[in-house]
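Asker: Below are the chains, spelled out letter by letter.
There are 2 protein chains.
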Amino acid sequence: MSSNTGDTGRGQRLYKKARTLIPGGTQLLSKRPEMFLPEQWPAYYSRAKGAEVWDLDGRRYLDTTHFGVGACVLGFADEDVDQAVLGAIQSGTMSTLNAPEEVELAELLIELHPWADMARFARCGGEVMAIAVRIARAATGRDKVAFCGYHGWQDWYLAANLATDALGNHLLSGLEPAGVPRGLANTMFPFMYNDIEQFRRVVETHGKELAAIVMEPCRAEGPAPGFLEEIRETASRLGAVLIFDEVTTGFRVLTGGIHRKFGVDPDLAAFAKGMGNGYPMAAVIGKRAVMEAAQSTFISSTYWTERVGPVAALATIRKHRDKNVAEHLIQVGRTVKAGWKRAAEQTGLTLHIDGIDPLAHFDIQCEHKAAVVTLFIQSMLDRGFLASAQLYASYAHQPAHLEQYLGAVTESFDVVARALEEGTVEKLLRGPVKHSGFQRLA
Amino acid sequence: MSSNTGDTGRGQRLYKKARTLIPGGTQLLSKRPEMFLPEQWPAYYSRAKGAEVWDLDGRRYLDTTHFGVGACVLGFADEDVDQAVLGAIQSGTMSTLNAPEEVELAELLIELHPWADMARFARCGGEVMAIAVRIARAATGRDKVAFCGYHGWQDWYLAANLATDALGNHLLSGLEPAGVPRGLANTMFPFMYNDIEQFRRVVETHGKELAAIVMEPCRAEGPAPGFLEEIRETASRLGAVLIFDEVTTGFRVLTGGIHRKFGVDPDLAAFAKGMGNGYPMAAVIGKRAVMEAAQSTFISSTYWTERVGPVAALATIRKHRDKNVAEHLIQVGRTVKAGWKRAAEQTGLTLHIDGIDPLAHFDIQCEHKAAVVTLFIQSMLDRGFLASAQLYASYAHQPAHLEQYLGAVTESFDVVARALEEGTVEKLLRGPVKHSGFQRLA
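Line order of the protein sequences matches chains A and B. As numbered in full-length UniProt numbering, residues 1 to 442 make up the first sequence, in order. As numbered in full-length UniProt numbering, residues 1 to 442 make up the second sequence, in order.
Treat the hints as calculated values from the structure; they're not laboratory data. One thing to keep in mind: the hints can contain errors.
Treat identical chains as interchangeable: a pair holds within one or across any two.
Said to hold, decoys possible - Calculated cross-link-like contacts (lysine-lysine; reagent style DSS-like; alpha-carbon spacing at most 30 Å):
id: 1; residue 1: 319; residue 2: 49
id: 2; residue 1: 287; residue 2: 341
id: 3; residue 1: 323; residue 2: 287
id: 4; residue 1: 17; residue 2: 319
id: 5; residue 1: 287; residue 2: 17
id: 6; residue 1: 287; residue 2: 16
Excised from the complex, chain A in its bound form (with noise of 0.2 Å):
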């Protein structure tokens, strides 16, 4: 691994210029170099492969961060899926007439949520969010919507900020409605992960009044018993269409939606992100009566219709299969958990671990969080490590990489937990401390 020097290099310069031409200098909130690492985070990359990725200047890194947040359970570049959209592109990726690859996919989802009849596909996560709960509206005629957490940039979830800040305590606080109609204020009403007193406080305000209900199934942590099993009957009681936001959370405990480890089946379901491996794909599943209500409003987009997205799922959603990666993945999130715990415990941090294990994040117990995580980032960087608070297991990373990811983070910690008892965190850090969540850019 290629070691740091420091120098901000190319991929610096050229996102001073990209924040001139594109607002928020970036497409995507979390791969903003500030959320990282301002002013020394390489910013761009020239090649990407397993589970290492080259910047601009050719400098090597081992990625163990948010692994394209989340979008490349496989690796990057996963020579299966790239030979299939391959043969996608030699083929044409689009034309008048329809991909049947996209009936192929459809059958396998079904075939991996038995309680699942229909599909229908965007490329897109926030996209196809919005597809569930415009189907969900449809079928009920109704619009108002419980959730849980984080879903996405689309009006129909920013609503829930306009009246008060009710997504605080979500995933992302602060985020902005900017631009959201005022018409949507007293649509969203929000409760927390594993709260059902504050659950049931919703339905009985809203209650029949309900469309949907959406949520992630899981967040950092599991479902407390009865949790799901409830919101799942109080859904079906009030005629409400449970909607299980899986783009995060699908493909990483098992092939499909991490809903059916639990035992509690939704309405409907969303994928991205892990489905397409790094190729633009989303998917709504769901059962029948619901789905066909889609046919009653008009969901209908050029794009969704080419064939590359059906082509890399496909191969995805197989070799996880095949290969059981949901295993892999599993086992490197409880490797990197515990070195995690060795490392805070050789060096004298205290560590909170949470997530899911393929989705793995800790939480370094101190003031100044910001500074200290950003002292982490920078110490992992001139060690040649893309890191963070979190990693996202990928099946490309494999034991030889964890062995060095673990020694540089006890390392890392230790350069922390000194600069730490020293005072010297903000003194050691050659660039500014990182933003933690939405903050607008000059």
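Once you've looked at the hints, dock chain B against the given chain A.
Answerer: Using the frame of chain A, we list chain B on its own:
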């Protein structure tokens, strides 16, 4: 060209299955087999190359219809675009870092549209129009939108049909707003293209409450003298954002938005379809003061960060410019329009021909139009052509193709003319009459 024997084949059998697995059968209304030739249309493709398409039975057709709904201006599976995409695949389509090509693409789009300063990207046309409207609403702090024409499936647009059937006179009559929250009623105010009086009435009533004026700069006809200019002046006076939807009109008569031909600049312009030549890609470009409002709200999605989209767009746009593809498209359209006229005169049909040259359309002046067009499509399919009452020109359409096509058109117009004379239109159809717009599938 192989002739179609009338056997409905594998495509129709697969489509029958698709309808049990996918509500509506396809992901796009305009690709439903019922929109062309119910029970006979080949429905799916195995291969597409240049202007040719092969169905699941290996039958070859020349594509002389909407040509991938206008997504493939260069032709199917264009070698230069595909070569660039293969490079992107080899170097990895996704990473935790960003794809540098998106900065290059922002620069190129701004170079082509000197009034614009910044760009954001998405992957689908409906999606990018929702981003444009969000930015306009965020920039103005207002919710209402004056609009003309069709702009996709999302809530902000379908809201137009909540109160009345406002979309009735626009592109797709009867678009159902089922599932669109009622709180969005009275946000959308339609005006007809080139009806400046109607536009003035909308402005009189809603003037300073308008966040945006959304329209295609050109529809079947071009702008009447002063029409776009008055809209531009009014938008500036009201402080409303003028958004040109160039998803369909872009990259037809020049490299970039058709508005450049009319000398009227919007505040934002949106592109998709033609810019990716069959790979999902979409962009909104705009003036800095408006685009910066994207930073006051939350617009972010994982698959907007992959590499194939920008790489395909760069290759498509550069080839479009270098080869003067627009000139070719215009010539194809003119040849086709002249050929239609000649064929109609020879066979005694009366046609109304419209559309900009690269997006040519004809309307047979007769009763029972849907049945008559169905007979035309059937006759063309028998002769080895995917055809309808429109032809979207492609760089892959060569003079020899057009000669074959216009020969088949003359024969098929003759079939239609004789059937009209003899009252045998319905009798000659081997399947049901085509659908003409939004229609529920049983």
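Asker: For every hint, state whether the structure bears it out.
Answerer: Against the structure, the hints come out as follows:
1. 319 x 49: Both, since 17 Å and 29 Å are each at most 30 Å.
2. 287 x 341: For residue 287 and residue 341, the Cα distance exceeds 30 Å both inside one copy (43 Å) and across copies (50 Å).
3. 323 x 287: within (29 Å within a copy, 49 Å between copies)
4. 17 x 319: For residue 17 and residue 319, only the inter-copy Cα distance (25 Å) is at most 30 Å; the intra-copy one is 39 Å.
5. 287 x 17: between (48 Å within a copy, 16 Å between copies)
6. 287 x 16: Classified as between: cross-chain Cα gap 19 Å, same-chain 48 Å, threshold 30 Å.
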